[in-house]
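S.K.: What follows is each chain in one-letter form.
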Amino acid sequence: MQGEITLILGGVRSGKSKFAETYVIEHGAPRLYLATAEAFDSEMADRIARHRLDRGEGWTTIEAPLDLSGALAANSTVDNIILVDCLTLWLSNLMGHNRDVEEDIDRFFKTLSGLPGPVVFVSNEVGQGIVPDNALARAFRDHAGRLHQRLAHIAGKVYFITAGLPQRLK
Amino acid sequence: MQGEITLILGGVRSGKSKFAETYVIEHGAPRLYLATAEAFDSEMADRIARHRLDRGEGWTTIEAPLDLSGALAANSTVDNIILVDCLTLWLSNLMGHNRDVEEDIDRFFKTLSGLPGPVVFVSNEVGQGIVPDNALARAFRDHAGRLHQRLAHIAGKVYFITAGLPQRLK
Amino acid sequence: MQGEITLILGGVRSGKSKFAETYVIEHGAPRLYLATAEAFDSEMADRIARHRLDRGEGWTTIEAPLDLSGALAANSTVDNIILVDCLTLWLSNLMGHNRDVEEDIDRFFKTLSGLPGPVVFVSNEVGQGIVPDNALARAFRDHAGRLHQRLAHIAGKVYFITAGLPQRLK
Numbered sequence: 001m002q003g004e005i006t007l008i009l010g011g012v013r014s015g016k017s018k019f020a021e022t023y024v025i026e027h028g029a030p031r032l033y034l035a036t037a038e039a040f041d042s043e044m045a046d047r048i049a050r051h052r053l054d055r056g057e058g059w060t061t062i063e064a065p066l067d068l069s070g071a072l073a074a075n076s077t078v079d080n081i082i083l084v085d086c087l088t089l090w091l092s093n094l095m096g097h098n099r100d101v102e103e104d105i106d107r108f109f110k111t112l113s114g115l116p117g118p119v120v121f122v123s124n125e126v127g128q129g130i131v132p133d134n135a136l137a138r139a140f141r142d143h144a145g146r147l148h149q150r151l152a153h154i155a156g157k158v159y160f161i162t163a164g165l166p167q168r169l170k
Numbered sequence: 001m002q003g004e005i006t007l008i009l010g011g012v013r014s015g016k017s018k019f020a021e022t023y024v025i026e027h028g029a030p031r032l033y034l035a036t037a038e039a040f041d042s043e044m045a046d047r048i049a050r051h052r053l054d055r056g057e058g059w060t061t062i063e064a065p066l067d068l069s070g071a072l073a074a075n076s077t078v079d080n081i082i083l084v085d086c087l088t089l090w091l092s093n094l095m096g097h098n099r100d101v102e103e104d105i106d107r108f109f110k111t112l113s114g115l116p117g118p119v120v121f122v123s124n125e126v127g128q129g130i131v132p133d134n135a136l137a138r139a140f141r142d143h144a145g146r147l148h149q150r151l152a153h154i155a156g157k158v159y160f161i162t163a164g165l166p167q168r169l170k
Numbered sequence: 001m002q003g004e005i006t007l008i009l010g011g012v013r014s015g016k017s018k019f020a021e022t023y024v025i026e027h028g029a030p031r032l033y034l035a036t037a038e039a040f041d042s043e044m045a046d047r048i049a050r051h052r053l054d055r056g057e058g059w060t061t062i063e064a065p066l067d068l069s070g071a072l073a074a075n076s077t078v079d080n081i082i083l084v085d086c087l088t089l090w091l092s093n094l095m096g097h098n099r100d101v102e103e104d105i106d107r108f109f110k111t112l113s114g115l116p117g118p119v120v121f122v123s124n125e126v127g128q129g130i131v132p133d134n135a136l137a138r139a140f141r142d143h144a145g146r147l148h149q150r151l152a153h154i155a156g157k158v159y160f161i162t163a164g165l166p167q168r169l170k
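Residue numbers (the UniProt record's numbering), protein chains in the order written: chain A, 1 to 170; chain B, 1 to 170; chain C, 1 to 170.
Think of the hints as simulated: they come from the structure by calculation, not from any bench. Honestly, I wouldn't trust all of these hints.
Subject to a maximum C-alpha distance of 20 angstroms in a straight line, what follows is the list of computed EDC-like cross-link-like pairs (lysine to aspartate or glutamate) [said to hold, decoys possible]:
1. A:18 - C:142
2. B:18 - B:46
3. C:18 - C:57
4. B:18 - A:142
5. B:110 - B:100
6. C:18 - B:142
7. B:18 - B:63
Since the model is a prediction, treat every value here as computed from it, not as a measurement.
Use the sequences and the hints to build the structure in full.
M.R.: What follows is the structure in structure tokens.
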């Protein structure tokens, strides 16, 4: 699956990260974990620490809360596989830093089209609840939904995880 | 699929409208777009304008933010196909205008049973997030859930769209 | 399916309770309905009354808003089938009474492993909307997601219900 893109979607605590990690381990190539999380408070720090513990040995971890495109371009090779966890956190970081999100997303897709190695993306489904009161939250849902559509379109495989169980969407 | 009902569900920005439009275009009959949106603020006006642009040529647009049943009865023929986008907006309009929602829904199903031509309904899945604090939002989720169940029951086909990818539920 | 566990997930008003009831009735054994709901306000009392009415005759109802494990252990036999509706309400009750939720969940799984008869669990998918502002709501989503994963792992069958229509996940 050299250069192939895989998208793994699911709700919060759906088991999507676990599924993605197993998927990447079974691929067999040297694996990089590209973390988009920023430990800006203790709740998030706990979540990151727990994830790292759950993941176990054998991962090279790179942190890229904002410059996801740069980190992908710098680290993808024909011999490795990259797991990006997760895209909705990346979007949330971009919005929190007042970046031009659409521009960053366009650059992201430009980068993807030139990567030599396979990448597996984990992302949160956030659009199946009630419309939030908060305009920023609505914008976030819109960005996430559009990003997922574009990524699913170019992905070779798309999975949706519920209660740890995968459904293959593509 | 004369007289047949199709229901297309999905989260926000899931690609459900795009899927529905392609579905209706491929049907081949003259197509009517029955819009339930009301442009009560600039955010909604932008969203409507963007949808209209995305849709392209070849649609006759009818606006029916409240009297959906009347618009369906007046416009359905054996020779055309109607796309209704979307039902959750219609529900939201009914509630915003303090209508008797259950009565309007009963009338809607009575109307559906007598329509000569096919209708494709788009609607938002809104019930898979946390219970909202707001009582109105909870009532809205309940109305939407019940409406989807009743409609799915009489529909010939039901699809769920995630990241632009359809799953056939019925 | 003696001793077997079945998990039925879905959003609010997705038809999951109705599906579960039909499923249990078709099983044929004497059936117990284990209700986790507490009628702490009139909205909830209405919801409980409506559910009881929808359910019809032939059920022995047991109320267990907190001690679900005890109620399962006391009532499961090789000859009956128990329907638990629903797990997210149970979680919500535990949190509302400041219980040690992880401890209660561990006890729950210990109990499950020793039950003689089949149990069908209904639970709400609550993790596919936007991240809630409220820390308690975030903790609730995390508990629910982890509980669903663990339960799905040991279940013989898992269904996800949308608009009254089941998808078999396992």
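S.K.: Please list, smallest to largest, the hint numbers that this structure does not respect.
M.R.: Failing hints: none at all.
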